[in-house]
Each structure stands twice: as C-alpha cells, then as structure tokens.
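Those protein sequence lines, which keep their order, are chains A and B. Per this note's numbering, the very first residue in the first sequence carries number 451; after that it's consecutive. Per this note's numbering, the very first residue in the second sequence carries number 2; after that it's consecutive.
Accuracy of the hints is not assured; some may be wrong.
Derived coverage of chain A by chain B (criterion: at least 3 residues anywhere in the stretch with Cβ under 8 Å from a Cβ of chain B; other residues may be distant) [unchecked claim]:
{"#": "1", "segment": "473 to 481"}
{"#": "2", "segment": "580 to 590"}
Taking CB as the label site, the calculated pair distances span [said to hold, decoys possible]:
{"#": "3", "chain 1": "B", "residue 1": "Glu105", "chain 2": "A", "residue 2": "Gly498", "range": "51 to 59 Å"}
{"#": "4", "chain 1": "B", "residue 1": "Asp132", "chain 2": "A", "residue 2": "Gly608", "range": "52 to 60 Å"}
{"#": "5", "chain 1": "B", "residue 1": "Gly53", "chain 2": "A", "residue 2": "Phe473", "range": "35 to 43 Å"}
{"#": "6", "chain 1": "A", "residue 1": "Arg574", "chain 2": "B", "residue 2": "Thr61", "range": "35 to 43 Å"}
{"#": "7", "chain 1": "A", "residue 1": "Leu629", "chain 2": "B", "residue 2": "Glu22", "range": "47 to 55 Å"}
{"#": "8", "chain 1": "A", "residue 1": "Leu629", "chain 2": "B", "residue 2": "Glu105", "range": "36 to 44 Å"}
{"#": "9", "chain 1": "A", "residue 1": "Lys570", "chain 2": "B", "residue 2": "Asp96", "range": "38 to 46 Å"}
{"#": "10", "chain 1": "A", "residue 1": "Arg514", "chain 2": "B", "residue 2": "Glu9", "range": "39 to 47 Å"}
{"#": "11", "chain 1": "B", "residue 1": "His92", "chain 2": "A", "residue 2": "Leu627", "range": "42 to 50 Å"}
{"#": "12", "chain 1": "B", "residue 1": "Arg180", "chain 2": "A", "residue 2": "Gly608", "range": "50 to 58 Å"}
{"#": "13", "chain 1": "B", "residue 1": "Asn40", "chain 2": "A", "residue 2": "Gly608", "range": "36 to 44 Å"}
{"#": "14", "chain 1": "B", "residue 1": "His172", "chain 2": "A", "residue 2": "Arg602", "range": "29 to 37 Å"}
{"#": "15", "chain 1": "A", "residue 1": "Leu555", "chain 2": "B", "residue 2": "Thr117", "range": "40 to 48 Å"}
{"#": "16", "chain 1": "B", "residue 1": "Arg163", "chain 2": "A", "residue 2": "Gly608", "range": "28 to 36 Å"}
Derived by calculation from the structure, the hints in this document are not laboratory data. Note that the Cβ used here is the ideal one computed from N, Cα and C, for glycine as well.
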Amino acid sequence: MIAKLMGRDMRRGCGGTWLPIAFFLLIATLVPFAVGPDAKLLSRIASGILWIAALTAALLPIERLVEPDRADGVLDQLAIRGVAEESVALAKIIAHWLSFAPLLLITALPASALLAMGGKDLARTELALAIGTPGLAALAVAVAAVTAGLPRAGSLAGLLLLPLAVPLLIFGAANALLLEAAISILLLAGSPFVAAAAIRASRT
Amino acid sequence: MTSLLRFEGVALRRGGRLLFENLDLELQPGDALQVTGPNGSGKSSLLRLAAGLLQAERGTVERSPLALADDNLALDRERTLRKALWQWLDHYPLDRALEIMGIEHLARVPVRLLSTGQARKAALARVIGSDASVWLLDEPLNGLDADGAWRLETVIGSHIKRGGAVLAASHQPLPGVWRRLELGT
Chain A
451 MIAKLMGRDM RRGCGGTWLP IAFFLLIATL VPFAVGPDAK LLSRIASGIL WIAALTAALL
511 PIERLVEPDR ADGVLDQLAI RGVAEESVAL AKIIAHWLSF APLLLITALP ASALLAMGGK
571 DLARTELALA IGTPGLAALA VAVAAVTAGL PRAGSLAGLL LLPLAVPLLI FGAANALLLE
631 AAISILLLAG SPFVAAAAIR ASRT
Chain B
2 MTSLLRFEGV ALRRGGRLLF ENLDLELQPG DALQVTGPNG SGKSSLLRLA AGLLQAERGT
62 VERSPLALAD DNLALDRERT LRKALWQWLD HYPLDRALEI MGIEHLARVP VRLLSTGQAR
122 KAALARVIGS DASVWLLDEP LNGLDADGAW RLETVIGSHI KRGGAVLAAS HQPLPGVWRR
182 LELGT
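With the rest of the complex left out, here is chain B (with noise of 0.2 Å):
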C-alpha cells in the first residue's frame, strides 16, 4: 500500500536545539498518529515539517497533498467567514464544511468577531473543504466545546473511512482511536 506520510531517519534543529532525530513515521490511507508529547517537545514543529514549512536537517519526507490548521487563522479578519472561507476552498461546497463545524449561522459575521472556539471551527472546516489526503491538525481541541469536540470526532472518522489520514499534535487525550507518537522521550 502506498504511504500518504512518510518520515525515514528525519532529524530537526530549531534555533541550534535538536528537537528530535531519527525519527521515523508512516500514515497510510484510514490511519489517525497522535503525536504527544510536553511542551517544547517539537510536535507543532513536527507538522510544519510535514506540511513543508520547516526543513529536516537529515532524513527524507514523502507527502501528498495536505491541509494544516495551527494557531494561524490565515483568514481575513475584516471580511465575513463565508468570504474569507471561499478564498481558500476549490471544488468542496463551502455551506457543506461550514455545516460540519456548525457554524453555518455564522457565515456572515466578520472573521474578527469570532471568539476563539468559533475561530478554531472555522480553521478545521477549511481542512475539511480543502480536497487534501493528510489532515494535520496542531492541538485541535484547542478553545473547542463538547460539541465541536464531538463533530471533530465525527469528521475525523469519515476522512479515515474515505481513506485519507490524520495528523494531529495535542498533549490532551483525543476523542476516537489514535495511534500513539510519543515526543521528547
């Protein structure tokens, strides 16, 4: 089978400190890694280096096509969601993402007015709508209520089903069946 991810003997340097090396990962089509891990330990900076934002100072990284969410909304704060949204979105019907998270109320309100749990919400709906085989997702239960927590659960689910594959870096328990990386270790 064919590897969506795949990480042989990676070494990372961040600001001349070794956060891991010889770091070795594999996601195939329908798998969930958590990588955990304390504070400091690398797992955002492990994301970015999957999405190709950082370079590994050894070792090689295969990817398909991914989607990120992390700390940066990346929307335009003075537009409303659903134009700030569509900025981003290609084929996938916008309404349908925004009604996953359960925010299609709030698709006309400015980006700047959306608390952090709504904000968050939005970033994993232009995940969900961006077409990518790999999810990473960067402390994804961050500012999420029970029932955004349930519905990223849910989502999660069918895009493992459907054959895609999740990334995400949190140091709380995850809702669902998680592979296990631990960091820093």
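Bound conformation, chain A alone (with noise of 0.2 Å):
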C-alpha cells in the first residue's frame, strides 16, 4: 500500500514538476537583472541565490502535497486500511523530494552560468543542496499538513515553512555541511510525527 502510495504521489508531483523548475531557473535569471550584471558580485551572492531559488521552488506545490488527499478522504481510506499517518507522511516527503529534487540539482548547472558560478563553488554548492533539499521536503510536507483545510493555506504555509527553513538555508548557505546534515536529518525525523498529528487532529 505504501509503495503503491508513494508511486501515486510520484506521479502527481511530476505532473507539475517543471513549475518549481521552471521559477528556480527564472529567478536566477532575474538576480543579473537586478543587481546588474557584475560577474564578481554575482559569482560572490550566487550560491546565497540558489538556495533562495530552491527554497520558493520547494514551496510552490506545497498546496498541492496533503490537501487534496484530505478533502477526497484519501487520508481517511488509508487510515481506514491501518496505514500509520506517520508512513503516509514519511512516503509524502520521499515522494516529494524525489519529484522536485533531482531535477533542481541538474537545473543548477545552467542557473550557475547565469550567475557566473565557478565550477569548485558550484560543487560545492550541489552538494550543500543534496544535503538540505530533503530536509526541506519533510518541512514543506510537515507545513502542508498543518495548514491543509485552512483557509489561505497557501500564503500561511510560506509564513510557516519560510522561518523554519532559516537553519537549512544559513548552514547550507555558509555550506558548513556537517550541521546542514544535522538540521537535514533533524526535519526528516521530527516531520513525519508533526505531519501524522496535523492529519490526524484535522478530522472531524
């Protein structure tokens, strides 16, 4: 039931997989446009951009990750089958990552040359990203089941997931990776409870 879960949220999350994509790459395009085109300046703030870029690109499906399986009573159906709401979120987080990380790790490499990226910053940045980006699913799942049903849950996700996301973007950022891991593994543990409790505490 989990496997066949998480394919189904596979696929769901790759129907609209280029969105994120496609605003991560158009806000590196934009930061030249905004802060001129002066490759010193850009290559200096260009690893600071992508993290920003991939954090809104993580948030853009947030609505879409628990919601609509609450309102259709898919959340319910599982429940009813003796499925742990903790495994239906920790296969959520997995199903997310796999849908919009992948492919932003191999989108930073056009965003890089837009930013006039060196090729050892830009290493180092990939790698910064393959350590935080799963620690961002698990918040970004965590948040979209807190706010699922709510009323503008859109906006009060961002306002939720964008503080507590502060920790990935400083340490992945100043690319100290040992704590990027840490604060990782640390969302990936704790989500899955906050997310069974949110789903959980959400029926009425």
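With the hints as a guide, bring both chains together as one complex.
If you want it as structure tokens, here you go:
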C-alpha cells in the first residue's frame, strides 16, 4: 500500500514538476537584472541565490501535497486500511523530494552559468543542496499537513515554512555541511510525526 | 460467536454537541444493520467512529478490518477508473469488482468524467474489493439507479452469506432485510 502511495504521489508530483524548476531558473535569471551584470558580485552571491531559489521552488507545490488527499478522503481510506499517518507522511516526503530535488540539482547547472559561478563553488553548493533538500521536503510536507483545510493555506504555509527553513539556509549557504546535515536529519526525523498529528487533528 | 464490530456505552461529541451517548451495538457475522435518523442525528459520524476516524468521548469500540464508502470518492480524478481503483485493491480481482457493480465498461474512463451514480458505484466497487469483513456504507443509495440498487442488494446479500457484516447509514429504506437502529430519538 505504501509503495503504491509513493508511486502515485511521485506521479502526481512529477506532473507539475516543471513549474518549480522553471521558477527556480527564473529567479536565477532575474537576479542579474536586479543587481547588475557585475560577474564578480554575482559569483560571490550566487550560492545564496541558488538557495533562495531552491527554497521558493520547494514551497511552490505545497498546497497540493496534503490538502487534495484530505479533502477527497484518501487519507481516511489509508487510515481505515491501517496505514499509520506517520508512514503516509514519510511516503509523501520521499515522493516530494524525488519529484523536485534531482531535477533542481540538474537545473542548478544552467543557473550557475547565469550567475557566473565557478566550478568549485558550484560543486560545493550542489553538495549542500543535496544534503539540505531532504530536510526542506520534510518541512514542506509537515507544513502542508498543518495548514491543510485552512483558508488561504498557501500564504499561511509560506509564512510558516520560510522561518523554519532559516537554519537550512544559513548552514547551506555557509557550506557548513555537517551542521546542514544535522538540521536536515532533524527535520526528516521530526516532520513525519508533526504531519501525522496534524492529519489526525484535522479529522472531524 | 465473536463480533465483528462492537460499541459499548459509546458517547460521541462533535463541535461541542453531544450526538449520542450510551450507545451499544454489535455486529456479528451475517448481520446487516441500518442506522436511521433525521439529518444531523449523527449517522455519518457513527460510521466514521466505527471506522476509527473519530474518537469516542466515552465507551469502547472494537473493530475488525473494515471498508468505508462515504461521500469522499478517494479516487484520483485524472486517472482512469481502472488505475484509480487499482491503487486500493490488494488481492481481489479488479475486473470482478467492476463487474459486480456493472461498471466494467467504464474501466478506461477518467474518474473525473464519471457521473454521480457511476462514481458511487466505483466507491462501492472499492468496498467490494477490499477483503474487509465489515462494510460501512454511508447513504449507499444516493445517486444510484434501479440497476445499481439491485446490484447493491445482491452483493450485500452474498457478503453477509459469506460471514461478513454491513453497517449502513441511510434515511431512506434500503432494499433487503435489515435490523434498524434509530438515532436522534
């Protein structure tokens, strides 16, 4: 049941996967227009920009992560079958990560060219993104579950997620990989329980 | 005989309102129980409580594996009926479940194009294919045509004969032989 759920979520996530990716590229394109084409300046702030772009890209599909399944009774049917909400949340985290992160890591290559990023910097940022995005995906699912069913859930989710993602951003942009990994693991470990409690509490 | 579903002294409160209290009910293999009552008397809530989706304020609920068909379709709208149903079936042959409800010709139709009655039949097909011993049906006749109602009666009959049990909530009379439980009196 869990494998089926993960496959389904992946398929649904991948259906709209180009959207966050296009968004990611768009931000990387906009920054040179905003700060000017000074290659030195751009390459200095490039890794930070990629992180901001990754953050917003992960935030984009957040309304579709949990709410449609709650409204349509999919979460209820899973519970009736004895699938723990924690497992559902974990499946959703994995599916969400798979549907945006690998493509994002690839798209970071053309984005780095737009930002005059050096090869070494790019490699470091890619590694940090690879470590940090699972935590970001976990956070996104937890926030999606907490806000599911609320009016204006999308904006609320942004307000909730972005501050909580600050540690990921700080350690990721500073390339403190061990601390980044620690935060990512913490989010991965905690989010399924937060999401599960939120799903259970949303049942009326 | 062991019971498939048992409520003992159950009270349920929703939104601050006490829907019922001291409710006892027992479903044994071969039982069909219809919950009746006016709108808002807690029929659907009783089913959700039986399914474990709501918590009783007092009392105990014991249950065996169940399947629920309520207003929420829980089938992916952009997929074909066959693929959407496949998501939920473990061992039961999918075509057989479709055939029993008379919707095998819709197998390749996307779920979003199904009519109300066809969608209801699809939800019932999922219950049929669930391997669960207790069926919880919320207003099962809603949207069903005469053929659908007849098919439902037949399949409930054979489920009960196999030692299953059915708990249905409906304000209109259901075809077949049912024990009745009146809520909100």
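- Task: Provide an ascending list of the numbers of those earlier hints which the structure does not satisfy.
- Result: 1, 2, 4, 6, 8, 9 and 16
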